[in-house]
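These protein sequence lines are chains F and X, in that order. So the first sequence is numbered by the numbering used here: it starts at 1 and just counts up by one. So the second sequence is numbered by the numbering used here: it starts at 1 and just counts up by one.
Do not rely on the hints blindly, as some may be mistaken.
Unchecked claim - Cβ-Cβ distance ranges computed for the label pairs, FRET-style:
# : chain 1 : residue 1 : chain 2 : residue 2 : range
1 : X       : Gln286    : F       : Leu10     : 46 to 52 Å
2 : X       : Lys9      : F       : Asp72     : 27 to 33 Å
3 : F       : Thr145    : X       : Gly250    : 35 to 41 Å
4 : X       : Lys155    : F       : Ser54     : 45 to 51 Å
5 : F       : Gly101    : X       : Glu166    : 26 to 32 Å
6 : F       : Asp72     : X       : Ala246    : 32 to 38 Å
7 : X       : Lys9      : F       : Val152    : 40 to 46 Å
Claimed, not checked - Chain F is nowhere near these chain X residues, computed Cβ spacing over 12 Å in every case:
#  : residue
8  : Ser4
9  : Gln13
10 : Asp93
11 : Ala283
Everything labelled a hint here was simulated from the structure, so no lab data went into it. For glycine and all other residues, C-beta sits at the position ideal for the given N, C-alpha and C.
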Amino acid sequence: MMSDQRKMFLEAYDLYAEPIYRHCYFRVFSKEYAEELMQETFLKTWQYLDSGKSVENMKPFLWRVATNLIIDQRRKKREESLENLLEKNIIPEPSGAENEGVETKFLLGEAMKAFDRLRDEERNLLIMRYVDDMDPKEIADVLHTTSNNVSVKLHHAVKKLREII
Amino acid sequence: MPFSEEQLKILAQRITLGEARKRVLQKALLVRIEEDAALRVGRAHRHSIYQGSSFTHLIKSLYLKPMPIIILLIIALAGGGTSFAAQGALPGDILYPVKINVNEEVQGTFAFSPEAKVAWETEKANRRLGEAATLTSENRLSENARLQLENQLNKNTDRVKVELKEIESNNPEEAADLASNFEVLLRAHGTIFNGIITPSASSSATTTAKFRLAITGAIAKAVEARVDAEDHVVAEGEHSSAGTKAAAEGKIGAATNVIASVRAFVEEKKSTLGALSVVSAEAKLQSADSLLADAKVKLDAGQFAEAFRLASQALRTANESRLTIETRGFLKLDADEKLDVDEESTSPTSTKMKEESEMKEKSETNVEMHGDGNNRSIEGHGDLKLNLGL
Chain F
1 MMSDQRKMFL EAYDLYAEPI YRHCYFRVFS KEYAEELMQE TFLKTWQYLD
51 SGKSVENMKP FLWRVATNLI IDQRRKKREE SLENLLEKNI IPEPSGAENE
101 GVETKFLLGE AMKAFDRLRD EERNLLIMRY VDDMDPKEIA DVLHTTSNNV
151 SVKLHHAVKK LREII
Chain X
1 MPFSEEQLKI LAQRITLGEA RKRVLQKALL VRIEEDAALR VGRAHRHSIY
51 QGSSFTHLIK SLYLKPMPII ILLIIALAGG GTSFAAQGAL PGDILYPVKI
101 NVNEEVQGTF AFSPEAKVAW ETEKANRRLG EAATLTSENR LSENARLQLE
151 NQLNKNTDRV KVELKEIESN NPEEAADLAS NFEVLLRAHG TIFNGIITPS
201 ASSSATTTAK FRLAITGAIA KAVEARVDAE DHVVAEGEHS SAGTKAAAEG
251 KIGAATNVIA SVRAFVEEKK STLGALSVVS AEAKLQSADS LLADAKVKLD
301 AGQFAEAFRL ASQALRTANE SRLTIETRGF LKLDADEKLD VDEESTSPTS
351 TKMKEESEMK EKSETNVEMH GDGNNRSIEG HGDLKLNLGL
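Taking the hints into account, I'd like the entire structure generated from these sequences.
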């Protein structure tokens, strides 16, 4: 692998490890799992670079890799829906949040319940916009679509979120 | 009140990884990248803490094989400058703290599950014991080094016990197997340590004797953990006698296979092993055979719990035999003891060696626990071999 690629990889880790971790956290609501996903994201990126391929724009590439890993995980795992958990009187709690304040834990719980009522695409858009602080153009780069398309879908996702009780 | 995007923004600011954690994960990532590369080109045995260690991996740990240069250069790029030179360090060397506090910390961050943690602590105990054996064989085990190694060994053993308890609550059979592995490792090192002769008049003889006691203490803790787990397996199986019977039959099957495989291994290695190693291994295999035969008798008699325990002991004895040979080989303790395979087994020389080995077997520290779950005692059989120069 070229040394400038290696340098780019290390710089990318410095810049994006924390944001990727945060993105993954809001997708899975588990500190430990978010760390693993973050690590896997960078490992896969390295493997891609090491195979001789180049990455023009690291940020959207990393987000795409993370998104694909999360989709793979959902397909492999059998997930219980929130409804089933509530039937069993299990109150969901985000894992790894033991040291967070009461208000944060409450908000995380509310976020989990709300997100469970959204489609994965809607969740992803909301997280990229309001957690990752990406504008519609950046989100469009990640999703290989137009910023107009992103703006429209984001508008619907926000509306749906606000309607969830 | 509905959850809003504004609340999502507030939450986002409160969820952080932290700089310190980011650095630790970065180092771990770089190590994993190199492991992954090594696996893909088939250059080395993969030691993956995620997968846990196979038995042979307990020996072929990174202590006994130097960490690939490229990993340490990568760690150096990330700020771990002296890691490369530290890998071969022994207690007392300037870079030894780097080896255990930096390199091993990085490797340890991969151990997420309790099983992985047990495997990693077992590996670290293996390294500490190997370092002690190397120093002792060179008559260099100082009191400071002994204290340091003993301290580390105690920590490793205590952490193994804690993690085994957690595994036992979900999977007592796996806990029993892991505990058994750990006990075998300690016993193998104990056997090796007892066989290292130090000059009787040297101060290191006393230090060596103290470390032997430390190994005995660690074995006792390991035995306790293993017996707890086995009792749990038996107790779970007692809900239906079919359960304990199945566990016993499984263990007898496993012991049969392992004894055969270790026998083949000893046969294969005979020409390269020292005489002491060969006769010691054969004696242990005979002992394993005898235990296995007893286990089968108990199984036929319907005493399934006892059959399970005896078969487990047979398995441990066979594994200990193999592990002792491999460890001696890696520590190069057999260099001057080649066996002449052309000699008859009844020749004066080989008979004498066999007698010496049998005497050594009897004098090994042998710690077993007896009794039921509520009332146990630890018995020591035979005399601890001490050379105090008195």
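- Find the nearest Cβ of chain F to the Cβ of X/Ala283 and say whether that gap is larger than 12 Å. holds, 47 Å
- Starting from the range 40 to 46 Å, see whether the pair X/Lys9 and F/Val152 falls in it by beta-carbon distance. Taking Cβ atoms as reference, X/Lys9 and F/Val152 lie about 21 Å apart, which means the hint is violated.
- Do the beta carbons of X/Lys9 and F/Asp72 sit within 27 to 33 Å of each other? holds, 28 Å
- Message: I want to verify a distance hint. Is the separation of the beta carbons of X/Gln286 and F/Leu10 within 46 to 52 Å?
- Response: violated, 57 Å
- Query: If you check the beta carbons of F/Asp72 and X/Ala246, does the distance land in 32 to 38 Å?
  - Reply: Distance hint for F/Asp72, X/Ala246 holds at roughly 36 Å.
- Could one say that the CB atoms of F/Thr145 and X/Gly250 fall in the range 35 to 41 Å? violated, 55 Å
- Item | Beyond 12 Å from every chain F Cβ - status for X/Asp93 | holds, 30 Å
- Task: With respect to the beta-carbon atoms only, verify the hint that X/Lys155 and F/Ser54 lie 45 to 51 Å apart.
- Result: holds, 46 Å
- Message: 26 to 32 Å was suggested as the range; check whether the CB atoms of F/Gly101 and X/Glu166 agree with it.
- Response: The hint (26 to 32 Å, Cβ to Cβ) holds, given that F/Gly101 and X/Glu166 are roughly 28 Å apart.
- Query: Far enough from chain F: is every CB of that chain over 12 Å from the CB of X/Ser4?
  - Reply: violated, 6 Å
- Over 12 Å to the closest beta carbon of chain F is the bar; see if X/Gln13 clears it. violated, 9 Å
Checked against the numbered hints listed earlier, the structure breaks hints 1, 3, 7, 8, 9; every other hint is satisfied.
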